[in-house]
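Q: Protein chains in written order, with the working numbering: chain A, 1180 to 1506; chain B, 1412 to 1900; chain C, -17 to 190.
Note that these hints are calculated values from the structure, not bench results. Wrong hints could be hidden among the right ones.
To be verified - Partner residues are not named here, just some residues of chain A that face chain C (Cβ under 8 Å, in silico):
no., residue
1, 1187
2, 1219
3, 1255
4, 1311
5, 1343
6, 1464
7, 1470
The C-beta atom is built at its ideal place from N, Cα and C for all residues, glycine as well.
Listed below are the residues making up each chain.
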Amino acid sequence: MNYGPLVFLAAFFALATSWCGFVLTSQLQIGRLQQTNTTSGATVTYPVARPGLARQGLEVYRANGCAYCHSQQVGQSGTVIEISLTDAGTNQAATITALLNLAQATNNEATVWTALPALELRASSSAATNLLSGLPKSFLRGSDPTAAKAAVKALNATSAKAQLLIVPIGPDLARGWGKRRTVAEDFLFDSPVMPGSQRVGPDLADVGTRLPNVQSHLVHLYAPRLVAEGSAMPSYRFLFEKRAIEHGPSPEALVLSGKDAPPPGYEVVPRLAAKALAAYLVSLHAEAPLFNAPMTVASAATSTPTNSPTSSGIAATNAAPATAPAK
Amino acid sequence: MSSPSQPSTADTGAATRCPVASADIDASCRLPLVIFFLSAAAWLLCASAFGLIASIKFHAPGFLADSAWLTYGRVRPASVNCMLYGFCIQSGLGVALWMLARLGRTTLAAPWLVIVGALCWNLGVAAGLFGILTGGSTGFENLEMPGYAASLVFLGYLMIVVWGVLTFHQRRERQLYVSQWFLFAALFWFPWIYSTANLLLLRLQARGMAQAVIAWWYSDNLLVVWFGLVGLAAIFYVVPKLTIRDLHSRYLALLTFWMLVLFGSWGGIPASAPVPAWMPAWSVVATMLGVVTVISVFLNMRRTLGGKCLLFMRDPSLKFIGFGLVSFVIGGFTSAIMAWPALNQVTQFTWFIIAKGLLNSYGFFAMVIFGAIYSIAPQVVGHPFPFPKLVRAHFWTAAAGILLFVLPLAIGGILQGLKLQHADIPFADITKGTLPFLRASTMGDLLMAFGHVLLLANVGGLVFQFYRARAVTAWREATAEIQMTEVRL
Amino acid sequence: MSAKVNQSVPLRAEAAEPKAGQVAVPVWLLVLLFLVLYGGMVYFDRTSGWFSAQVYAPYRSLQEVEAFQPVSGAPGLIQLGLQVYNKPTCVACHQANGKGIPGQFPPLIRTDWVLEPEPGRIIRAVLDGLSGPITVEGQSYNGAMVPWRGGLTDEEIAAVLTYVRQNPEWGNKAPEVKPERVKEVREKTKSRNQPYSPEELLKISPAD
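Using the sequences and the hints, build the whole thing.
A: Okay, structure coming up:
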């Protein structure tokens, strides 16, 4: 029997299944994504295509292989829900009663109480006054979503103002590399998409939020060890031009020191490629709240929630105990 | 000599179905294989040179930093592409074509066209290297060659493979050996994945993250499936042949084949990818199923040798293949274990991934190909190697180099990953912590590069000696004194 | 050509081509295969969200993603404006600190253009872009501003202009811009499809 065609059919079938699974389906699910609305309450479309110079910067990023040392994928190991009490309201007694009821109703091990020692409240009213001072404060960290939403409703029914906070957590987020995980929409208008696979250098998905200053990026590109000591990043001096100062120093000249500083009478000026790359880096944001990566945008009125995943609304699949964030 | 098998009565057109003698098969393969192996050895040296430059930059970031062509982000993909396309696929195709011809007991179909294909391939890789170094890289890992180079490479592959398929079709031995399934599948695998990836990423441009998914799919299919198919085919052929034992079980090999083609092509999507959760989950399941592939290969080979694993040490080629086999097993188990999400979280984005990648592409595939080259080339060319001691030296330097590269990077990567989990450890400290391991890996790079010099010396010397002997004989015949015979009137 | 040179010289007595034995696959290997497949399916069931395009790790199902959605409450116009500014619509050129880049992109800090009591001119600038030399705070800039007529809604333009005009960090204090005002200007300039030059814009009254 001629087994040749059978071998071909077997190989064809196997490759066809994985082609349908990853190539075809990804095209259907991700390749046809459109701009979406953020979940911040008003209709803000996300993302927007990068402006011209940043788009050129993407090409510089690609041509110089930045993706071999930098990733652009922030991970998330869990999400924590908190209730933030922003205003104690006019009837403080009612607020405290509501809080006590919540304490009893959600009394299970999964929730972690912050700033609400229930027993002490009953004992004295000074504890109660202390509790409601120094607002905004967060309570009921780690409760599940339905209980938390009910709690917010109960608190708002008294004259107090409470807000639900949804906080993504994870080791990358604790490092300040982002406020939520990156999703497919963050790369919608980029071509090529370079999520990277190594972290020889820090993750860059949200670097525009973390380091919004173009000049510091330019100095970092020219002399990485001036900005980050012990950095393994090569110097990208070929993206810059060292030229003699004529008619006074150029406003674009980099401010350098030490052995990287140009000799007197010379200045270092970025070429278009360096400016484009810096513009691209500054345009990297992945912090808009989306349906598939829910979070609340921290406004000035709410307390900044800590990022330590002591427990979570959804169990972190690998509970890596992170300590309080350094940044 | 190979015993001719009974021609099958079910064959149509069976007029010329007598198997061809091995000597004639080898003669038909000679020039194509010489070109494949010589070019592959040269590209491998090129890849080592670029790899060394990249490696040194970690210890001295200012090393060659002023040149745009030699910046890390260009030199690293240049090294990877030279190795993958210049050495691995090219020599793999050479070995594959020879095995298909031998196992089918037929001569290679149209060797001259295969040669044209090989030259086209080499031209494409050179153009791709130029493209990467001048900043034309596509940005996708393992697919960095720009469009014009990719087209040349694809054209070269088609020219080579069409004749490979034809050789398979014209086989005179109708019963298929295990290696033939693997090789026949591999011949079709590459054009499909390469054309899909290049079309959707460079021409038609899929949108957004779909590009990354397709790039990961291509990478996985090339490095796991294609390398696995060709490497295992070589192992299943050379080991039973050189140890003069039968392969233990055809059915275990069938299981290996199905597991590799069905589940091997589903891996590749990393766990943290910005894609819907089902894609990484599917990849995790597929990678863990690789355990069965690895166990089936291990069982098959162990029982083929009858438990006498020291048989590997008998022959230099077998040493290389044995090392490749062990790397395959260890690498497969490691991949399956490290796919577990809790462990994956630690090792992703670290040097561990690089170590694992090299263990697969070099520790397994390249070592198996070295063994195959050292076994096939003297047979095909008809001369022994000019420097037999260097073959042994190559093995020991390669083995030491791989160990010195993989082990430090694996350990360093795990440490790096564990530190990355704690936000209070500053990133600069993590970078400093990886440096000693990188130093060790540079030593490994140097040793492997030295081994490549030995390979090129041997293969180049072999080819040179063969053609010089031919030229000398031809010259002697052409300039021989014409024998004068007395004419008696 | 002499036939002798073409003969392949076997380095060792060449063995026959290999053959494969007919031993069956051990049963325990097949059992292992099915166990791993079963475990894999259980894992997939639990973590994949069953092929939903909206479920990303660490969420495990669409219901979970929906449960974690924030309770809708419209943020202030300024907060929305900050989001629009960083989309990266304005931040790429005017920078996060509003100072722009000297010689290239003008600043937005306490400049006459931004603090104009009536926003007619700046709404037009955002809708259709600017092109040509412009003087801001005594410095001249000769770049181009990207038009955002198609890229931003009325609400978004109103939000980002309010954010710029009322940003306390920059010391800007100007009246807010309402979405209806942006809509009015958009309708009035419906047929325009080229950037303004600054002289042209200066001729238009801000109250328009």
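Q: Give a verdict on every hint.
A: Now for the hints, and whether the structure bears them out:
Contact between residue 1187 of chain A and chain C, as hinted, is not supported at the beta carbon level, the nearest pair being about 20 Å apart and thus beyond 8 Å. Checking residue 1219 of chain A against chain C by beta carbon gives a least distance of about 6 Å; that is within 8 Å, so the hint holds. With 8 Å as the threshold, the beta carbon of residue 1255 of chain A comes within range of chain C, its nearest partner Cβ sitting at about 6 Å, so the hint holds. Interface hint status for residue 1311 of chain A: violated, as the beta-carbon distance to the closest one in chain C is roughly 22 Å, over 8 Å.
Because the smallest distance between the Cβ of residue 1343 of chain A and any Cβ of chain C comes to about 5 Å, under 8 Å, the interface hint for this residue holds. Interface hint status for residue 1464 of chain A: upheld, as the beta-carbon distance to the closest one in chain C is roughly 6 Å, under 8 Å. Given the 8 Å rule on beta carbons, the hint for residue 1470 of chain A holds: about 6 Å separates it from the nearest Cβ of chain C.
Comparing the model with each numbered hint stated earlier shows that hints 1 and 4 do not hold.
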